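**Student:** Letter by letter, the chains look like this.
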Amino acid sequence: MANKVLVRQEFKVVGTRPIRHDGTDKVTGRALYGGDFSLPGMLYGKVLRSPHAHARILSIDTSAAEALPGVRGVVTAKDLPRPEEGIADVGEGAVNLRFLSDNILASNKALYKGHAVAAVAAVDAHTAEAALALIKVDYQVLPAVVNVREAMKEGAPILHESLRTDAQGQKGTTPTNIASRIQFAKGTLEQGFAQADVVVEREFETATVHQGYIEPHNATGLWSSDGQVTIWCSTQGAFTVRDLVSQILRYPVSKIKVVPMEIGGGFGGKTVVYLEPLAALLSRKTGKPVKLVMTRTEVFEGTGPTPAASMKVKMGATREGKLTAAEASFAFEAGAYPGSAVGAGCMCAFAPYDIEHGKIDGYDVVVNKPKAAAYRAPGATQTGFAVESVVDELAEKLGLDPIAFRMKNSAREGTRRIDGPIFGVIGALDCLEAARASDHWSSRLEGPNRGRGVASGFWFNIGLQSSCTISVNADGTVNLVEGSADIGGTRASIAMQAAEVLCLRAEEVKPTVADTDSIGYTQVTGGSRTTFATGWAAYEAAHDVLRQMKERVAKIWEANPADVTYEEGVFGVKGDPKMQMAFRELAGKLNHTGGPIVGRATVDPKGQGGAFATHIADVEVDPETGKVKVLRYTTVQDAGKAVHPSYVEGQMQGGAVQGIGWALNEEYFMTPGGTMANTSFLDYRMPTTLDLPMIETVIVEVANPGHPFGVRGVGEVPIVPPPAALANAIRRAVGVRMTRLPMSPGAILKEMGTV
Amino acid sequence: MATKHHVVTRVNGEEVEFLCEARHSLLEALRETLGLTGTKEGCLDGNCGACTVTLDGRLMDSCLVLAVEAHGREIQTIEGVASPQGLHPVQQAFLEEAALQCGICTPGFIVSAKALLEREPNPTEERIRWWLAGNLCRCTGYDKIVRAVVDAAARMAEVKG
Amino acid sequence: MAIVYIPALMRGLTGGAEKVTVPGSSLRQVIHNLEAVYPGMQARLLQGDDLSPALSVAVDGEVVRLGLLAPVGEQSEVHFLPAMSGG
Chain A
1 MANKVLVRQE FKVVGTRPIR HDGTDKVTGR ALYGGDFSLP GMLYGKVLRS PHAHARILSI
61 DTSAAEALPG VRGVVTAKDL PRPEEGIADV GEGAVNLRFL SDNILASNKA LYKGHAVAAV
121 AAVDAHTAEA ALALIKVDYQ VLPAVVNVRE AMKEGAPILH ESLRTDAQGQ KGTTPTNIAS
181 RIQFAKGTLE QGFAQADVVV EREFETATVH QGYIEPHNAT GLWSSDGQVT IWCSTQGAFT
241 VRDLVSQILR YPVSKIKVVP MEIGGGFGGK TVVYLEPLAA LLSRKTGKPV KLVMTRTEVF
301 EGTGPTPAAS MKVKMGATRE GKLTAAEASF AFEAGAYPGS AVGAGCMCAF APYDIEHGKI
361 DGYDVVVNKP KAAAYRAPGA TQTGFAVESV VDELAEKLGL DPIAFRMKNS AREGTRRIDG
421 PIFGVIGALD CLEAARASDH WSSRLEGPNR GRGVASGFWF NIGLQSSCTI SVNADGTVNL
481 VEGSADIGGT RASIAMQAAE VLCLRAEEVK PTVADTDSIG YTQVTGGSRT TFATGWAAYE
541 AAHDVLRQMK ERVAKIWEAN PADVTYEEGV FGVKGDPKMQ MAFRELAGKL NHTGGPIVGR
601 ATVDPKGQGG AFATHIADVE VDPETGKVKV LRYTTVQDAG KAVHPSYVEG QMQGGAVQGI
661 GWALNEEYFM TPGGTMANTS FLDYRMPTTL DLPMIETVIV EVANPGHPFG VRGVGEVPIV
721 PPPAALANAI RRAVGVRMTR LPMSPGAILK EMGTV
Chain B
1001 MATKHHVVTR VNGEEVEFLC EARHSLLEAL RETLGLTGTK EGCLDGNCGA CTVTLDGRLM
1061 DSCLVLAVEA HGREIQTIEG VASPQGLHPV QQAFLEEAAL QCGICTPGFI VSAKALLERE
1121 PNPTEERIRW WLAGNLCRCT GYDKIVRAVV DAAARMAEVK G
Chain C
2001 MAIVYIPALM RGLTGGAEKV TVPGSSLRQV IHNLEAVYPG MQARLLQGDD LSPALSVAVD
2061 GEVVRLGLLA PVGEQSEVHF LPAMSGG
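Protein sequence lines, in the order shown, are assigned to chains A, B and C.
Going by this note's numbering, the first sequence opens with residue 1, and the numbers climb by one from there.
Going by this note's numbering, the second sequence opens with residue 1001, and the numbers climb by one from there.
Going by this note's numbering, the third sequence opens with residue 2001, and the numbers climb by one from there.
Keep in mind that the hints were calculated from the coordinates and are not lab data.
Only a predicted model underlies this, so the values are computations on that prediction, with no experimental measurement involved.
Hints should not be assumed to be uniformly reliable.
Said to hold, decoys possible - FRET-style restraints, in silico, Cβ to Cβ: (1) B/Val1008 to A/Leu68: 25 to 35 Å; (2) A/Glu568 to C/Ala2017: 32 to 42 Å; (3) A/Gly594 to B/Val1159: 47 to 57 Å; (4) A/Lys627 to C/Gln2042: 38 to 48 Å; (5) B/Val1159 to A/Gly399: 53 to 63 Å; (6) C/Gln2042 to A/Val755: 34 to 44 Å; (7) B/Glu1125 to A/Leu398: 50 to 60 Å; (8) A/Gly673 to C/Gly2073: 35 to 45 Å; (9) C/Gly2067 to A/Gly41: 41 to 51 Å; (10) A/Glu624 to B/Ala1157: 40 to 50 Å; (11) A/Gly673 to C/Ala2017: 45 to 55 Å; (12) A/Gly155 to C/Gly2073: 44 to 54 Å; (13) A/Lys78 to B/Glu1125: 51 to 61 Å; (14) A/Gly155 to C/Ala2083: 56 to 66 Å.
For every residue, glycine included, the Cβ atom is placed at its ideal position computed from N, Cα and C.
Using the sequences provided together with the hints, build the complete structure.
**Tutor:** Here it is, written out as structure tokens:
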């Protein structure tokens, strides 16, 4: 399908589709992921987890486990430094550190089923597992609360006696599960609703879902006798692992090296640590390297799902279709410790629209579930589902085309968001226009029980710090070293940006993801930042190489460096067309003319530019079973500039399908006592090949002025629109308005009145 | 007392012997004992397909097969798909169609897709989707994987042609 | 003077005002000057000598990366927003 191109720059490498540098290793099974790593003499670790969702830990007796032949060491929370000790700041910092530490190994209370309470290292995994059964933990079981609305009520079981609501810097006075409350307000809400001819108000809920990466968490740790700690693991951020392990173990960062292995999916769930501190602790205790790998059940029960949400949205519009006011309340489950993405969810909720009067309330609430972690555009999918459903209902009530209604109210450059700031150059309207112009939108959808839905979504994207070095090889190629875990082709998209600057082919730039001792500080591969920020670091490092190469040419030619030019891969001198030297030729001369050349750069950019997407979904609902079949699906997204369009499409398709799974199937089925009843991929059903059609893509390119090539992050926003697009399609197919995710067959039959 | 079983089998065309405990899965033997870590571990309960291999030509989740069951059988893993002459057309198609992102599910998909194309050289999209439904991918949404299999079928037909 | 947008739940300190103007060429100066006019503001925005980790600050629409050192222009808009992470 024709992509809408608004980028004016001309490129040679950026925008092409080379084969990714790490591809061959990944199609031959040679690429080494964390689970594939081993060391001589390595022990295997296993984690004992709480069988209760909420319980006081009265005592832990590890003696029988330690006595089992083959067991080499056992650790509990007693082996972790007390967070309060030796910390200057005994306020918030200590509390947060205690939470961080307690989530690795529970000290006084287990706060969710699956909460780690002890870990064992043994000669093999089976022995370690047998040892877990010999650890005696005396629990005093407490009442659990596993739903956000219940947790907010007076008299609900309290998870943390010390927790007080933080209302934008002001602390509450009584114990509570509401960790924080935020509010955004713009204009005068009453006035906005008074101007409205139509008002729609609805309540929504979404279930807890998991990121669902196929590779389980893993970590291998080696605590050497000289005090140096090395951790090999699959993570979105090696430096983040280093920082967190340092904080949890109160051990200097300089003594910790994290080696990022290949990573089998993360989606936000591998931006935190679970096993890494345990691998280090067990290695310190046993003197041997120790490897831990989670089972799938452990991944579901012990690692960050995304928050369930309880939401209320009210919006008003005039008869002519102008939105006048928007009000929302979003309560998110943070899991056992504070820190859901409710803030981002609030800020993204109404971002696609220009609305004069608005108010948004957000609540971060602890419940007896695993601590929530980031999941692709964290917070935006939940709130987007609610808002885009209400927007659709307004369009329906007003008798307006859903895309035309969205276009009439679309955010654009200069629009002030409800959370305050003004948008720069954005592609919100361009995505809607491209969706309207798409083949899908103009096609006819006929037949009973079929419907078409549309929804938009927004995600901020983030910038953060990245480092890159580029060294020039004598054969005219370059080696590029960076610190961003490559989860989906970023070695290629980063190398391509350096190649563009250096006038090389993508294959002539050889990228390596380095460990934390070998590259400058680089933050997580997350927030759709890697191609944007690490790519920018590569761009700068390449320019640093060129600057030094120009100086070298000047030296060789005895010319003024300022007069040296570089075009189409050839150095020259202004005013003397006879003087020419190819990049490769100069590269071959470096060692004899002053030594090797290494370019370097670190960046901490702002200006990442937000990403918008609009999706179109056609569905057919089986009125007998309630099953929703996705007949056709189109994703439209502003990529700024698509560096490697195939992998941009891949992000759009993959994000959309995760959103489809979230919308239609996925859910933690919790017993009232707080046990997840579906901890396998059989029962936690993610989309398979059979559940889906091809996912059509339309890349819109509204250049981001905040990046030298106009790049915007692309990874996250495609997960935002699917739930509402599908809910809106279901509404048109069978007339019911679904307000709870997942929209499973049973839920749809219930709404249709069939059961 | 001997606690291990002696298994003689063929892996990727070569005879292999190893010792294993009765409780060891074939996946464990491949990865831990034989060092063939291209076969991935995703769920250990037969639901994700990352550990797909063929056993006497039949697709299996190797986490659901005991290592001792490999005795006297013929196993094919991802490590045996490419040859010294180069990549298999399915592998080449996955590369060119960008049919992988994180890559953890890729070996399983390639082993499955190759098995399909050896049986049915020209499958429809529907048939490909049916065949690959036992392999989970969380990154791609499957679109480019399905395209890669279609593309691989065409490449293989060309080679035969 | 910079235009500072006050987070909704802190507007009690500004008598309900959604935005106020204060002088300052860095974020540190802006917060200091804000405190002088609206006592209590600083305690809500800072933790120790640094910006509260719960907050991020946008100056002229872009989230700043320099913390309290971030430059603030004569006509700049300053927003205090929740800190965010990505997936």
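**Student:** Against each hint, give a clear statement of whether it holds in the structure.
**Tutor:** Going through the hints against the structure:
1. B/Val1008 to A/Leu68: 25 to 35 Å: At 32 Å between Cβs, range holds.
2. A/Glu568 to C/Ala2017: 32 to 42 Å: Between glutamate 568 of chain A and alanine 2017 of chain C, where Cβ atoms are some 58 Å apart, the hint is violated.
3. A/Gly594 to B/Val1159: 47 to 57 Å: With a Cβ separation near 51 Å, glycine 594 of chain A and valine 1159 of chain B satisfy 47 to 57 Å, so the hint holds.
4. A/Lys627 to C/Gln2042: 38 to 48 Å: For glutamine 2042 of chain C against lysine 627 of chain A, whose Cβ atoms are near 57 Å apart, the range 38 to 48 Å is violated.
5. B/Val1159 to A/Gly399: 53 to 63 Å: Holds - the Cβ-Cβ distance for valine 1159 of chain B and glycine 399 of chain A, about 58 Å, lies within 53 to 63 Å.
6. C/Gln2042 to A/Val755: 34 to 44 Å: With Cβ atoms ~58 Å apart, the hint is violated.
7. B/Glu1125 to A/Leu398: 50 to 60 Å: About 39 Å separates the Cβ atoms of glutamate 1125 of chain B and leucine 398 of chain A, which means 50 to 60 Å is violated.
8. A/Gly673 to C/Gly2073: 35 to 45 Å: Given a distance of about 56 Å, which is not inside 35 to 45 Å, the answer is violated.
9. C/Gly2067 to A/Gly41: 41 to 51 Å: holds (45 Å)
10. A/Glu624 to B/Ala1157: 40 to 50 Å: holds (41 Å)
11. A/Gly673 to C/Ala2017: 45 to 55 Å: holds (49 Å)
12. A/Gly155 to C/Gly2073: 44 to 54 Å: holds (51 Å)
13. A/Lys78 to B/Glu1125: 51 to 61 Å: At 57 Å between Cβs, range holds.
14. A/Gly155 to C/Ala2083: 56 to 66 Å: Given range 56 to 66 Å: violated, Cβ gap about 31 Å.
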